[in-house]
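Participant: Keeping their order, the protein sequence lines are chains C and E. In this text, residue positions in the first sequence follow our numbering: the first is 138, and each later residue adds one. In this text, residue positions in the second sequence follow our numbering: the first is 138, and each later residue adds one.
There's no promise every hint is true.
Intra- or inter-copy, both count: the list cannot distinguish identical chains.
The calculated EDC-like cross-link candidates involving lysine to aspartate or glutamate, where the alpha carbons are at most 20 angstroms apart (straight line), are [to be verified]: (1) 249 to 199; (2) 249 to 209; (3) 249 to 314; (4) 380 to 334; (5) 249 to 360; (6) 380 to 333; (7) 249 to 184.
I should point out that these hints are in silico values taken from the structure, not numbers from a laboratory. In this text, all values refer to a predicted model and were calculated from it rather than measured experimentally.
Protein chains: 2
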Amino acid sequence: MSDRCNNEIHIVLVEPSHPGNIGATARAMKTMGLTSLILVRPARFPDPQADWRAAGATDVLDAAIVADDLSEAIGPCGLVVGTSTRTRRVPWPLVSPETLARNLSDGAAGGKPVAILFGRESSGLTNAELAMCQLHLQIPASPVYPSLNLAMAVQVVTYELYKTSNSATDILDWDREPATAAEIGGFIDHLQRTLEEVGFYDPRAPKQAMTRLRRLFGRIQMDETEVAMLRGVLTHVERSIRKSAADDF
Amino acid sequence: MSDRCNNEIHIVLVEPSHPGNIGATARAMKTMGLTSLILVRPARFPDPQADWRAAGATDVLDAAIVADDLSEAIGPCGLVVGTSTRTRRVPWPLVSPETLARNLSDGAAGGKPVAILFGRESSGLTNAELAMCQLHLQIPASPVYPSLNLAMAVQVVTYELYKTSNSATDILDWDREPATAAEIGGFIDHLQRTLEEVGFYDPRAPKQAMTRLRRLFGRIQMDETEVAMLRGVLTHVERSIRKSAADDF
Chain C
138 MSDRCNNEIH
148 IVLVEPSHPG
158 NIGATARAMK
168 TMGLTSLILV
178 RPARFPDPQA
188 DWRAAGATDV
198 LDAAIVADDL
208 SEAIGPCGLV
218 VGTSTRTRRV
228 PWPLVSPETL
238 ARNLSDGAAG
248 GKPVAILFGR
258 ESSGLTNAEL
268 AMCQLHLQIP
278 ASPVYPSLNL
288 AMAVQVVTYE
298 LYKTSNSATD
308 ILDWDREPAT
318 AAEIGGFIDH
328 LQRTLEEVGF
338 YDPRAPKQAM
348 TRLRRLFGRI
358 QMDETEVAML
368 RGVLTHVERS
378 IRKSAADDF
Chain E
138 MSDRCNNEIH
148 IVLVEPSHPG
158 NIGATARAMK
168 TMGLTSLILV
178 RPARFPDPQA
188 DWRAAGATDV
198 LDAAIVADDL
208 SEAIGPCGLV
218 VGTSTRTRRV
228 PWPLVSPETL
238 ARNLSDGAAG
248 GKPVAILFGR
258 ESSGLTNAEL
268 AMCQLHLQIP
278 ASPVYPSLNL
288 AMAVQVVTYE
298 LYKTSNSATD
308 ILDWDREPAT
318 AAEIGGFIDH
328 LQRTLEEVGF
338 YDPRAPKQAM
348 TRLRRLFGRI
358 QMDETEVAML
368 RGVLTHVERS
378 IRKSAADDF
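Isolated chain C (complex conformation) (with noise of 0.2 angstroms):
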């Protein structure tokens, strides 16, 4: 067995208040293979209580990346998941931990850095962090009590990732590199902008338009010649507008 596949997998908590689940966290992902952990604000770290509960994945913690930006830390990643328990108004395409397992180990994220999201123990992750994700993971779980502890939900979905990726994997290719997350962030903002010159707003929906165009373009999977081709088109659109408008003067 071999634990190669995962050496690229970022789990991510975000503003954690408990060290003890940030070391029970780092135990959890060395029993499965994973190495790589990202704390984004979290409350107490380092901190005896996290040493305590690590046991023997100490390592893990030790390397663990402290960010102050989540936008940031994730830049990098070819393919950003978010852990979420709650039906959202807006609906994201949401995967189980199955489903996650089996798309990586098919090459969903193209050999990018891949980020897992894990919220905050109280309330999880925020409708703007969830935004910032291509895919939501949601953890079967009994309706009756569907509350995982946080580092629970990091043993089970590292867990069905360790499993599919030492069966048989199969590469699905793709002639592009895929698109990071700052690259997507970037043509976010830029359509943002392009929309506000041509006055665009959903009147069905003034709030949620730029969600749901977020929504769409998260889950498109775009690669890196695709996101230049659609900034192409906008900075076009930036340029017919404006040519326009100066001939006014």
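Using the hints provided, position chain E relative to the given structure of chain C.
Facilitator: Just chain E, lined up with the frame of chain C:
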């Protein structure tokens, strides 16, 4: 979804040392629809730390059975399964959590209760205890560090049981009707007209641009609202350009 199939599964912890692990086990079980916990000679129980780690599953702790004798506790069971991380000198039928789940849902216990035994944090189950089991259960884990925390092991096993007993469910849902091929075709035509109007062409692949855009919007599986929204965007772009152009005259 129903938790019905799982009512006859007992989770048995043999001589757990840390009350925190007992609480975390109760929580793990309840998230996967299980409620019957048997504790054989726990070091400390009840204990405030168990209650704290159980979170919303203190009812499982309250109903837990404390037993002095393992063989008595598992007496009524039709199938006894022992978790094990080590390879034994005397080989035993060894199953993965996935296989166990499939066997149980195929009726391996013949309608009788099932006991799944988890051993001590430090040393697992003894050879004598493992010899009381019909099956040994091993969780796939990294050979570098296969040491799952006790409650984590319970979480993974109960997750597999839950998943299999509720496998008919499909969690992907969507709020709108998918767009028809005609709607998507109409959008692609509209996009092409707009691109001509803004003078867009991709210098690196002038002929391929439209093919790539068609592929991109083809694989996205857009819903009706999304297509309508994107056409709204195109209409706004056209109006912005024409309005400025008209102003020239």
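Participant: Could you run down the list of hints and mark each one as holding or not?
Facilitator: Quick rundown of the hints versus the structure:
In this assembly of identical chains, residue 249 and residue 199 lie within 20 angstroms of each other by CA distance neither inside one copy nor across copies; the values are 24 angstroms within and 48 angstroms between. Only within a single protomer do residue 249 and residue 209 lie at most 20 angstroms apart by alpha-carbon distance; the minimum there is 16 angstroms, versus 54 angstroms between protomers. Proximity of residue 249 and residue 314 under a CA criterion of 20 angstroms is satisfied intra-copy only: 8 angstroms inside one chain copy versus 32 angstroms between copies. When the C-alpha separation of residue 380 and residue 334 is checked against a cutoff of 20 angstroms, the pair qualifies both within a copy, at 13 angstroms, and between copies, at 13 angstroms.
Taking CA atoms no more than 20 angstroms apart as the test, residue 249 paired with residue 360 passes inside one copy only; the shortest distance there is 11 angstroms, against 28 angstroms between copies. In this assembly of identical chains, residue 380 and residue 333 lie within 20 angstroms of each other by CA distance both inside one copy and across copies; the values are 17 angstroms within and 16 angstroms between. Proximity of residue 249 and residue 184 under a CA criterion of 20 angstroms is satisfied in neither setting, with 32 angstroms inside one chain copy and 46 angstroms between copies.
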